[in-house]
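Undergrad: Chain residues, written in single-letter form:
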Amino acid sequence: MIMPDLRALVALLCSELLIANLVGCGRAHRAELPTVKPVASVFEPLQEDLKKSYLTLFEIAPSLEYNEAQIARMREYLKQAQDFCVGRFEASAKDYQHTVDEAQKNLKTKISDDQRHTLHCNIQDARALKSQADVISQHAIPVAYANRQAKLDLIQQWPAQVKEIRQSLADGSYKSRRWSDVADIGFREIERNQKDDIKTGQEAIRDLKRTGMMPMEVEDKAVVNYVTNLAQKLAAKSDLQVPLQVTVLNSKEINAFALPGGFIFIERGLLEAVEDESQLAGVISHEMSHVVGRHGHKLMKRATIASIIYQAAQVAAVIFTGGVAGIGTYYALQYGFFGLGLTLNLALLGVSRDFEQQADQLGIQYAWNAGYDTSGFIRFFDKMATKEGYVNGASWFRSHPPFYQRMVESQREMMYLGKKPNVILDSAEFKAMKTALTAVTAKAAEESKDKPSLLAPEQGCPALTKLIYEPDQPIEAICAAPQTKLTAHTGH
Amino acid sequence: MIADEAASQEPAAGAKTETVSLYLNVEKNGQLISGLLPGNFRLTEDGHSRTFRLEQPEEPASIAFLIEQSTSSSYFLEDIAYALNGFEAHGIDGHWYALATYSNMLEIHTDFTKQRAAITQQFAALGPPTWNEIDTYDAIYEMLDKMSRLPGRHILVVVGTGVDTFSEHNLDDVKKKIEADNITVFAAGIGSMLRGVYDPYMSSSGQMQLIQAQAFLQMLASKSGGFAWFPKMSVGFHDVMEGIMQSIATQYRMVYDTRIRGTGKFRKIKVEAFRVVNDKRENFKVLVREGWR
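Heads up: the sequence lines are chains A and B, in that order.
Under this note's numbering, the letters of the first sequence match residues 7 to 498, in that order.
Under this note's numbering, the letters of the second sequence match residues 165 to 457, in that order.
Hints may be right or wrong, so weigh each one.
Said to hold, decoys possible - DSSO-like cross-link-like pairs, simulated, lysine-lysine; straight-line CA separation at most 30 Å:
{"#": "1", "chain 1": "B", "residue 1": "LYS444", "chain 2": "A", "residue 2": "LYS111"}
{"#": "2", "chain 1": "A", "residue 1": "LYS114", "chain 2": "B", "residue 2": "LYS387"}
{"#": "3", "chain 1": "A", "residue 1": "LYS43", "chain 2": "A", "residue 2": "LYS58"}
Claimed, not checked - Some chain B residues close to chain A (C-beta under 10 Å, calculated; not the full set):
{"#": "4", "residue": "PRO221"}
{"#": "5", "residue": "ILE272"}
{"#": "6", "residue": "ASP275"}
{"#": "7", "residue": "THR277"}
{"#": "8", "residue": "MET307"}
{"#": "9", "residue": "HIS318"}
{"#": "10", "residue": "GLY370"}
{"#": "11", "residue": "PRO395"}
Read the hints as simulated data drawn from the structure, not as lab findings.
Every residue, glycine too, gets a C-beta built ideally from N, C-alpha and C.
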């Protein structure tokens, strides 16, 4: 047990204290395109299969006929492609930082107001490009490739797994799994003393507010009431033993997070992204499970080094779309804080994977117990990981999340639970919330359009340059071209 | 429209011009006067009469609070608390509000928001100050610079002692900056009570530093068309904030066109306000920026 902890510590130091160059943590990425690739007759259809949803793959995997060698070659290809791609974006981020440094040096010289204005414009443009390149290399690319690898795992391993699951169902051994006592939800005990976390949660909220990291709340009663009612309905069918407090934040981030003690935050962007009530129920149940399992509390106890360096609130926040790092990433993007290393990689401490899987299992149980279609959780997860995950800058999943395990374990739990009759997929209330949300979003967009900002870009500059990446664009399209400079375009 | 034909030196047709907005308050015996018409004003720029029009001040205005927060000023926290309390009670809905503090550097805590409570809540949530430096000149310079890039009407409310300990910018830099940027500054000078108590025991250089600090805040206000108050008691800051909010609510906006010279030379502004009642001219005091460059 000592070795993993040591590795975790070194990795934490490397990634969080930004001393990679001093202690030799950094390494060179490959400079050329992948050299290992399955033959075209395998590569093309396999690429297509990897674009399919998890639910589809669960169905078709047993009928696919790729052999071990083909899969291994594809796996190596993906590994090399990821390495090449990360290297390109890291190099670009360095170039952009160099541009910033040079411009800042020039600011200290005797220059006219016009020249100063031009330099300000250049700095803000290069900073924006660096942030984008950082996010792409640190989050988007790893997530995109982890997702591909997970689907490759699924194609390879699911046929055997599904047989095993069916066998467990047939012989009843599935009943001996952890937390199989679903008939006793609400009366069993997952973790004692949930109420002890209330104070921690309150402090975390205060910290988030104090540091200006908590977005404003949505005030629209129709939206807030709907989300609160849904959460309370789920809480009534869960193991939650503390009062639930739901807050809807007026932020375009596709995210939700739980703080210890029963505080759940749903961001507006998430409400916009979910397609039906069962998806939202899946997310809320998942977050509620973090509270039930006292994961925030455990993270804070285990992550003592991180606690010294970071705000307790950031450590305590367990975020749906990205574990703990999500909130740091979000605000890093929002305010260009990347240089401060606000993205906290708690997976390096080896604690969050288990918690995510626990929350997946319990979340599915609670949604099931409340009568919802449990596939809503996987459908939303899939949507986020495959489509939005690397496109929407603010909603990255955690780097290297164990997608395959999470998907398989979720699917396994769903199969063990079985489908209840007349499961809820959607509701009239959900649709009414969506309608009300449109007005909230429009108002927020209108306000943000006119909102002055002390942190705003220099006025009168050309529109910021953006690195080109589009929804659904395969990661290969971003990574394949061996250009020295990344493609960028002006405008929004 | 008002035109003083005799002394007018309006820009010639075809000359390159720019439009200048002046934000002003009119008062008589400490009472703000609203509802005046163009005929109640006279404007001169460098001694020459100018044609102008009165327009509605832009709404919402961008109002930023810049609050001194260093270990050296921690004795005056009560003054600040009363000021923010006054803002909470009398702040005007609909404007944009921001909060920044300074000690050895400027820190922006709340970027512009229309939720007034966010300002007071944010300040209340700030931890104790860490540094004892008070780089007032740098902080004000930087805030003026940031605000000058914003569109519309902007107002800076400074709550501080005015003392500067370690700025890179000097007084002259700030003076030029306030002349160049069209931002109304209101100042609430903290620490007057303690200053009064300890004044007899202070060295002459210490007394001089405090006098200079007070004069600095007054200079900011008078150059920009705002005012600076130095309440002797903490509770007075509540009233100061009420006064600032009333001033913002009753600002006039005087707009005129002038020729672009491109020299950066300071242009002196004078605005007279008056009312004729029973053939008797009643003059008012006008708070307006001294000029611009």
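Undergrad: For this structure, which hints from the list above don't hold up?
TA: Violated hints: 1, 4, 10 and 11; rest satisfied.
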